[in-house]
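Using the supplied hints, reconstruct the complex from the two chains, each of which is provided in its own coordinate frame.
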Amino acid sequence: NAGVTQTPKFRVLKTGQSMTLLCAQDMNHEYMYWYRQDPGMGLRLIHYSVGEGTTAKGEVPDGYNVSRLKKQNFLLGLESAAPSQTSVYFCASSYGHPSSYEQYFGPGTRLTVT
Amino acid sequence: GENVEQHPSTLSVQEGDSAVIKCTYSDSASNYFPWYKQELGKRPQLIIDIRSNVGEKKDQRIAVTLNKTAKHFSLHITETQPEDSAVYFCAATPYELNTASKLTFGTGTRLQVTL
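Chains A and B supply the protein sequences, listed in that same order. Just so we're aligned, residue 72 is where the first sequence starts under my numbering, counting upward by one. Just so we're aligned, residue 28 is where the second sequence starts under my numbering, counting upward by one.
Possibly wrong hints are sitting among the right ones.
To be verified - Heads up, simulated SDA-like pairs for lysine to any residue below, C-alpha to C-alpha not over 20 Å straight-line:
1. B:LYS129 / A:ARG139
2. B:LYS69 / A:ARG82
3. B:LYS64 / A:ARG82
4. A:LYS128 / B:SER128
5. B:LYS64 / B:LEU38
6. B:LYS129 / A:ASP109
7. B:LYS64 / B:HIS99
8. B:LYS64 / A:ARG115
For the record, the hints were derived by calculation from the structure and aren't laboratory data.
Just chain B, same shape as in the assembly (with noise of 0.2 Å):
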């Protein structure tokens, strides 16, 4: 099954400094790579997610790129703010056409924004 690879588990920027969060996966069928935002005591909500077919893609201050090559992809938050801080998970999975998606994400990394 796919394994997923999340570095660092801990990061602190300052307010204002760029966060990069890289993750690693195995299995090369894997198609659909989201990120997912999860504040303290709350659900995780998806920030974003990125295809296979495309190597990078953004949203304001928030980036994600993918190699397929290398089978790693990373998150980008620039401008960060304290509102950034939280847990982020990266996840993966060999999505097809109307079957569910089993997402198999990473262990995390907490994100401190400091003033």
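Here chain A stands alone, though its shape is the one from the complex (with noise of 0.2 Å):
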């Protein structure tokens, strides 16, 4: 299994631009969730899904829109990118059973915004 993987890697982009950043999990997880990561500022939620068509927002959603067409992808989308924006994006699932609540994390997408 390859758990929880996102896309691209790195990405530069120009103030204004848009781009949209891939989730994919394999581990069948009806929660997954979108965060953002500054330094000194810890991790914080963007949006978040409870199932295939849902989507919700989190703490800081202001300036993203999220989709969930699929089960297993949660996709992350920046219509006119700004240099506040400028990041690390971590995604994350969840099973949900009482029996376990851990948030597994992808990899990450390291954003600047010039």
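In structure tokens form, the structure reads like this:
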């Protein structure tokens, strides 16, 4: 099993450009999440999904959109990138069964917006 | 919403000594408290977690304690080794059955184990 994978690993955007980050998991997890990690601020939840076709806002959703058309994939979109969105983005997934609440993280995508 | 504070931000210990990292949370409904370890350039990985119906949990050299009354929980690492050097994050969430665990993370503690 590959676990949680993310594409791409690195990306540089100019202000105003758009892009989509792809997260894929092969663990048949119901729940998926997108976080951003900035120095000194830990991880902050952007959006999450409780199943195929569902999305919900997290702590810092502004400037991002998400879609979960297939259970195994969770896409994060930036319609008009801003320098404030320079960050490392992590996707995670979890089973949600009471026996295990663990979130499994992907390797991250380092995004720089100039 | 939940607010999690973590201290210290950096911690340096000698190999073989113990390390303690402390977190406080604000939402009394929080009932799940995981700890993640993140090595440089890598993804966060769960090392131990505790639920609110338990006061302490141990896994070899790692232990977590929870004080619900005071709303704080701590990570204890004994007999530290160089491979324990990493950034450690605490988190909290008011987890409910059949819902996503929307974790609120602390700001991290950089642990350096020196020889």
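Hints versus structure:
Between LYS129 (chain B) and ARG139 (chain A) the alpha-carbon distance is near 17 Å, which keeps this suggested pair within the 20 Å criterion. About 17 Å separates the Cα atoms of LYS69 (chain B) and ARG82 (chain A), which keeps this hinted pair within 20 Å; it holds. Among the hinted pairs, LYS64 (chain B) with ARG82 (chain A) is inconsistent with the structure: their alpha-carbon atoms are about 25 Å apart, more than 20 Å. Restraint check: the Cα-Cα separation between LYS128 (chain A) and SER128 (chain B) comes to about 13 Å, which is no more than 20 Å; the hinted pair holds.
Among the hinted pairs, LYS64 (chain B) with LEU38 (chain B) is consistent with the structure: their alpha-carbon atoms are about 14 Å apart, no more than 20 Å. Using a Cα cut-off of 20 Å, the hinted pair LYS129 (chain B) and ASP109 (chain A) holds, with the two alpha carbons roughly 18 Å apart. Taking the CA atoms of LYS64 (chain B) and HIS99 (chain B), the gap is near 19 Å; set against the 20 Å cutoff, the hint holds. Taking the CA atoms of LYS64 (chain B) and ARG115 (chain A), the gap is about 16 Å. The hint holds against a cut of 20 Å.
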